[in-house]
Amino acid sequence: MADLRDIVREKLADNALQAALARALGIVRGKRTAAVSELASFEDAKAVAAAVRSNAVQRLKDYLPQLEARLADEGTHVLWARDAAEACRMIVDIARQRSVRRCVMSKSMVAEEIGLEAALKNAGTVVVQSDLGERVVQLAHQKPSHITAPCLHLSAAEVGRILHEKSGIELSSDPEKLSRAVARTLRPVFLDAQMAVSGVNFAVAETGNLVLVENEGNGRMGYTMAPVHVAVTGIEKVVGTLADAAALLAVLPRSATGQRATCYVSILPPRPFPGQERFLVLVDNGRSAAFGAGPMRDVLRCIRCGACMNACPVYERVGGHVYGWTYPGPIGIVLAPFLGPQEVRAEISDLCSLCGACTEVCPVGIPLDRLIVLARGLSHSCRPAAVVKRERSALEWFGRAMGGRVSYRLSHLGHKLARAWFPKKLARTEAELGWSGVRTAPGPAAVLFRSRFKRRAAAEDGTADEGSGGEV
Amino acid sequence: MTADRGRQRRTGEAREEILGRLETAYRAAGEGGGPAGRIAYALEPGRDPEMLLAVARERFESQEIGYHILPGFQSLVDSVANHLYSRQARLVALQPCGLFDRLDLRHGLARRLPDLRFVDAGSGLTDVARADVGITACEAVIAQTGTIVLSATKREELGVSLLGGVHFCIATVDQLTADLDSWLAGRPGWAPDEATVLISGPSRTADIEKTVVIGVHGPWKLSLFLVKE
Amino acid sequence: MKVALFVPCLMDRFLPDAGMAAARLLESAGVQVVVDSRLTCCGQPAVNAGHPDLARKMALRMLKLAEHELPVVVPSGSCVAMMRDSYGLMDLSGQDAERWRSLRGRVFELAEFLVERGLTNRVTARCEARVVVHHSCHHLRHVAGSGALAVLLERLEGASLLESEQARQCCGFGGVFSSKLPELSIAMGRARLDAMLKLEPRYIALADAGCVLQLSGILEGEGLSKRAQVVHYAQLFTGDGLKPLDAGE
Ligand code: SF4
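So the sequences go chain by chain: S, V and X. The first sequence begins at 1 in our numbering and counts up one residue at a time. The second sequence begins at 1 in our numbering and counts up one residue at a time. The third sequence begins at 1 in our numbering and counts up one residue at a time.
Hints are supplied without guarantee of correctness; some may be wrong.
[Unchecked claim] Each computed DSS-like pair below joins lysine-lysine, with the alpha-carbon atoms no more than 27 Å apart:
| id | chain 1 | residue 1 | chain 2 | residue 2 |
| --- | --- | --- | --- | --- |
| 1 | S | Lys389 | X | Lys57 |
| 2 | S | Lys166 | V | Lys154 |
| 3 | S | Lys177 | V | Lys228 |
| 4 | X | Lys243 | S | Lys416 |
| 5 | S | Lys11 | X | Lys57 |
| 6 | S | Lys11 | V | Lys210 |
| 7 | S | Lys389 | X | Lys180 |
| 8 | S | Lys424 | X | Lys226 |
| 9 | X | Lys243 | S | Lys31 |
| 10 | S | Lys416 | S | Lys454 |
Keep in mind the hints are simulated off the structure, nothing from the lab.
Starting from the given sequences, assemble the full structure and let the hints guide the process.
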């Protein structure tokens with residue numbers, strides 16, 4: 001990964017990106033607020049949804065076999081994959097054995113996470129993304145920048161140019177024209193595909209239902225038309241009952257797109273449709289490690305609504321690509337230590353000012369900002385030892401300076417003297433810390449608060465150590 | 001076949017390993033979690049039919065669902081025929097269902113619109129996909145979210161509400177229910193071969209600049225015919 | 001009533017006026033204030049950088065020195081959040097855990113304390129100025145919500161209190177964040193300032209020392225310090241360090 005600070009700088013200077021982010025996030029934040037206000041209390045709803053998810057995560061070891069049994073009894077094949085490579089191998093096998101030439105894929109973050117598109121392509125299968133945003137990103141040879149809005153980083157004009165160049169669609173910057181035109185090009189693909197790959201939003205342990213949430217209808221098209229349906233999902237996506245799924249459906253679309261309900265929620269039966277084969281691929285890929293990681297277990301509650309990135313002031317400035325992997329934003333930071341590629345684990349947790357806006361909106365009550373602090377702790381082992389050492393010794397120095405009355409005063413005096421005697425050297429240090437130029441570093445107070453307070457007390461009472469102003 | 005067995009062996013190993021890891025971590029941390037409850041809404045229509053209808057109408061309007069409230073089944077057939085006519089529908093796919101048989105909907109429509117053609121029952125998906133309008137009944141209508149609940153056991157049936165540009169759905173006012181919870185609560189058991197689709201508007205996307213565009217892969221028009229009977 | 005006022009390191013060293021204002025605001029509400037000059041820093045920087053082990057010593061020191069019965073009042077939401085919640089990351093046990101339990105129950109943010117103890121009606125102050133209030137994140141989300149500050153600010157006569165549409169968004173300080181990704185940190189602060197300056201305030205009031213330093217640093221760096229002054233909200237009540245309207249003109 002190139003220097004994170006450089007990538008960030010580049011994004012900050014990208015005016016088109018800044019405009020796209022400002023516009024999209026402005027809209028989606030407003031819609032979320034309106035949709036959530038139709039709940040009697042968001043905090044109460046959050047508590048319910050959090051309980052549903054944390055119970056489910058806690059009972060994974062029981063729910064997963066229950067789900068498997070329910071599905072297997074009715075003829076859905078359940079496959080387990082320890083990691084991305086294993087999951088891809090299994091799905092490639094399915095495609096090979098059925099001589100699948102063409103596969104339609106509806107939006108699945110897990111498919112993205114495991115690199116399924118590339119794996120199928122390498123095996124000679126044509127993969128067509130059918131979600132509009134995913135299709136745009138696929139044609140542009142880019143990666144999605146958001147988990148529910150893959151091409152959020154692009155303006156309509158840019159999308160129009162990409163579609164014109166790669167897909168021969170008439171040049172336009174009208175979202176309506178463009179969206180319809182893409183849908184038209186995909187119709188024949190659905191009719192002809194031999195395999196559909198989808199994600200799963202919730203898998204219901206008790207009944208074996210798979211719940212798929214979407215707006216465009218491409219997911220429905222996929223599982224309705226293709227003779228083989230492969231649903232791929234993380235092992236954490238299980239819930240106990242349909243009532244549990246219903247509770248989550250009350251908060252998911254409101255948090256994600258600010259809708260009361262998405263246009264389509266498919267509750268698939270455990271038995272495949274007549275004339276169709278169905279597979280459910282349960283992917284671990286680091287999730288069981290997160291399960292065993294103490295308070296970080298809460299990351300498995302996530303229902304991938306994207307509200308945390310929509311609310312995030314860092315995401316708002318830099319967009320999703322800066323995070324360097326499938327899951328951007330706050331949730332991406334806390335998943336990275338377990339699911340993320342090695343190269344992002346070192347720096348991704350720097351992309352946070354710990355403001356807590358994410359935690360405020362997360363519908364399943366994940367304490368994201370607190371977990372980001374823990375993720376920072378986990379990042380040290382992935383960073384160059386020298387860098388960590390430097391950071392630690394600076395903090396140790398700080399600790400010593402703060403560690404006693406005398407050292408505290410001495411360090412303050414040192415700061416003042418440096419300012420008077422070595423202003424250039426001090427300015428260099430300040431610049432290294434990012435406090436110079438357009439952001440001036442604060443100067444040390446001539447007199448510390450504590451001294452002023454003491455002097456005032458002394459002046460009033462004739463003593464420095466008693467009464468109002470004295471020490472405890 | 002050997003490949004199949006190979007896959008099964010591998011997935012078996014993976015299964016044991018994944019569950020093993022969960023088991024170990026679980027024992028280390030112990031039981032947790034709390035009781036869930038019900039999610040409440042600012043506006044709760046309860047069971048009052050007037051309230052349910054009022055809330056549902058408000059939702060339909062904001063979700064771009066056309067709706068027609070009809071006094072009885074007699075006017076239903078007329079109304080559906082009129083709408084088909086004004087949409088210049090030539091080919092219609094009807095979901096096979098008891099209600100339509102009882103209403104003799106197909107013949108009723110054919111009598112009123114002699115040029116109208118129907119996708120034959122038992123046709124494949126490609127034929128269903130040629131229809132201009134798909135007409136379905138439904139299981140329930142959820143007021144809180146403006147949602148139509150459909151169910152089907154075959155892909156061809158599912159296609160009726162998906163593949164045409166226009167979807168007409170027929171429901172009765174007594175099918176209105178407050179929210180998804182209340183519908184689930186009133187539904188004992190679940191047939192293992194029955195798919196349920198909750199539809200809350202014509203297909204849409206907001207992928208490009210968050211601009212809402214109605215009509216993507218699914219229908220661009222959804223109309224609900226609500227019969228008060 | 002007597003409280004131990006803890007003015008945290010950043011405020012003590014860079015914003016002593018804000019510290020004085022906190023003390024005098026408490027006194028104006030009839031509270032006797034004592035300051036323990038052995039207390040320096042709660043350990044927040046190391047925790048937020050992901051090195052809780054390095055903050056442990058500071059936390060233990062804090063817990064030991066604050067082992068008295070007095071309420072501890074802090075004019076900084078992030079330090080309160082640190083002491084209330086993040087000390088939980090330090091694997092405290094025995095006596096230390098006991099001390100933490102005790103401190104947790106009696107550490108308050110300034111406005112939170114005045115409101116919870118019902119002392120705000122004793123406060124009377126005037127400040128004839130346009131004031132934009134910006135919510136410091138920890139104060140808003142982990143400590144007191146927006147309620148306590150609003151109740152307290154009601155006691156400020158003569159001020160027109162304004163909020164920008166970005167009043168609840170992070171100013172971009174974030175401790176180590178401001179040094180690791182300075183351009184990003186500044187861009188965030190700049191956006192908030194732009195929104196606030198549109199309202200033509202005399203003062204921009206915040207609830208945490210870091211946020212004050214961030215926004216005043218940017219104002220100064222961009223040569224805009226004459227447009228408005230960034231202060232801690234306590235200063236509005238006591239006038240400590242407030243520059244008059246026509247300063248420098
Ligand atoms: S962490 Fe919470 S807010 Fe973020 S995507 Fe997951 S569920 Fe949504």
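A quick look at each hint next to the structure:
no.	hint	verdict
1	S:Lys389 - X:Lys57	18 Å, holds
2	S:Lys166 - V:Lys154	36 Å, violated
3	S:Lys177 - V:Lys228	39 Å, violated
4	X:Lys243 - S:Lys416	23 Å, holds
5	S:Lys11 - X:Lys57	39 Å, violated
6	S:Lys11 - V:Lys210	20 Å, holds
7	S:Lys389 - X:Lys180	15 Å, holds
8	S:Lys424 - X:Lys226	26 Å, holds
9	X:Lys243 - S:Lys31	41 Å, violated
10	S:Lys416 - S:Lys454	20 Å, holds
Hints 2, 3, 5 and 9, counting from the list given before, are not met by this structure.
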